[in-house]
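What follows is each chain in one-letter form.
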Amino acid sequence: MYETNYHKATSVADAAARIEAAEDGKLLAGGHTLIPTMKQRLAAPSDLIDIGDLDELKGISLSGGQLTVGAATTHTEVAGSADVIAAIPALADLAGEIGDPHVRNRGTIGGSVANNDPAADYPAAVVALDGTVETNQRSLSAADYFTGMFETALGETEIIKSIRFAVPEKAAYCRFPNPASRYPMAGVFIACYPGNVVRVAVTGASQEGVFRWLEAETALSANLSAEALNGLAVDADAMLSDIHGTGPYRANLVAVMAKRAVANLA
Amino acid sequence: MTKVNMTVNGTPVSGEVEDRTLLVQFLREDLRLTGTHVGCDTSQCGACLVQVNGVPLKSCTMLAVQAEGGQVRTIEGLADGDKLHPVQAAFRENHGLQCGFCTPGMIIAAIDMIERHGSDLDEQTIRAELDGNMCRCTGYHNIVKSIKAAAVAMAS
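Just so you know, the protein sequences line up as chains A and B, in that order. Under this note's numbering, the first sequence has 182 at position 182, and the numbering climbs by one with no breaks. Under this note's numbering, the second sequence has 64 at position 64, and the numbering climbs by one with no breaks.
So that you can see chain A by itself, here it is in the shape it has in the complex (with noise of 0.2 angstroms):
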């Protein structure tokens, strides 16, 4: 790892004057991304603002039909909140499934959804579930939000400070785990709202990180089965094509992600 300066950050406002001030800065929170980047010397940030203990940053609430989770709450909380079992449980299950117990207990969601990694699980929760990213300038809703892989719409000094998901009647999220990374090659959440509306959202198998799946939103708002995916499929040629796994094998994991959760909607 480079020589970097460490900032703990006392409040919203002091890390914002910070990132501000640095000349390359980084915000860390759970830093499960960030150090074992910095340490492969992928990534030399001159200063690292640490929002990880910020009180304003942590908590899950619900009311009036939004959960709203801080940008600093780590995995196992919102795996372990009796707020997020109740409202959302296949938001919890997806928490709980992400890297491992000891990842689970640094890891935020603010941080994977600021790095919005091709591969991390909650781009889809927030796609699927009508979600709102609130940061310290302004509310952004997930479609503004996610605009391409390891890209987003956050400007390099705004911090992220809740997510919002809009409660459905019920949803599940099912992934495909890469069998030595644990990563999702494809991990698909299905939101079924009020209306015969249903969201559907990919992540881990797009070129282009997390999308909406709009032809099996379409197919299931009209038979909530899995049968009505029969038929259907995204473009291969779209998909992530590597040594874990080829263009059309991914598409067809999202085909079977995708009627897993369906068969699991709760």
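Source of the hints: derived by calculation from the structure; they are not laboratory data. Here the structure is a predicted model, which is why all the values come from computation and not from measurement. Where is the CB? At the ideal position from N, CA and C, for every residue including glycine. All the pointers check out, no bait thrown in.
In silico lysine-lysine, BS3-like type, Cα no more than 27 angstroms apart, as pairs:
| # | chain 1 | residue 1 | chain 2 | residue 2 |
| --- | --- | --- | --- | --- |
| 1 | B | Lys-3 | A | Lys-8 |
| 2 | A | Lys-8 | A | Lys-26 |
| 3 | A | Lys-39 | B | Lys-3 |
| 4 | A | Lys-8 | A | Lys-58 |
| 5 | B | Lys-3 | A | Lys-26 |
| 6 | A | Lys-26 | A | Lys-58 |
| 7 | A | Lys-58 | A | Lys-170 |
| 8 | B | Lys-148 | B | Lys-83 |
| 9 | A | Lys-39 | A | Lys-26 |
Over 12 angstroms on every C-beta distance to chain A, these chain B residues come out as not near it, computed from the model:
| # | residue |
| --- | --- |
| 10 | Arg-32 |
| 11 | Leu-33 |
| 12 | Gly-77 |
| 13 | Asn-94 |
| 14 | Gln-98 |
| 15 | Gly-118 |
| 16 | Glu-123 |
| 17 | Asn-142 |
| 18 | Lys-145 |
| 19 | Ala-153 |
Starting from the known structure of chain A, arrange chain B on it as the hints suggest.
Just chain B now, with coordinates in the frame of chain A:
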């Protein structure tokens, strides 16, 4: 250099570190507590697990300065004098280690899962919760047996 202060295995310690110093480096190289191991160095193998403020985490993926003011517990802090911690004793009795490299992390992980699940801890849960701990001797069977035995022993 930054001064860090923390309590390690009940003893207040301090040191001068670069901000980029990992917690595991501080423990091993500055404090000479070499029971905590570095296996993969990529946040996957769990050999570097320690408790920080009661939470087991990977000390290779945390900066020493982030543990400022914290309570750190390592494998060296488990035994009571010559009396092994019940999880350590169970690993010895059940041949829960071969080369021993992964053992400190396995034991820190085991203590946490026993604290959360108690004597209800079953084999399936143990195997699922060891997702982040790798044994390259592949001696998982006896590791699982040791943790199960420790869960029973600690409940009685």
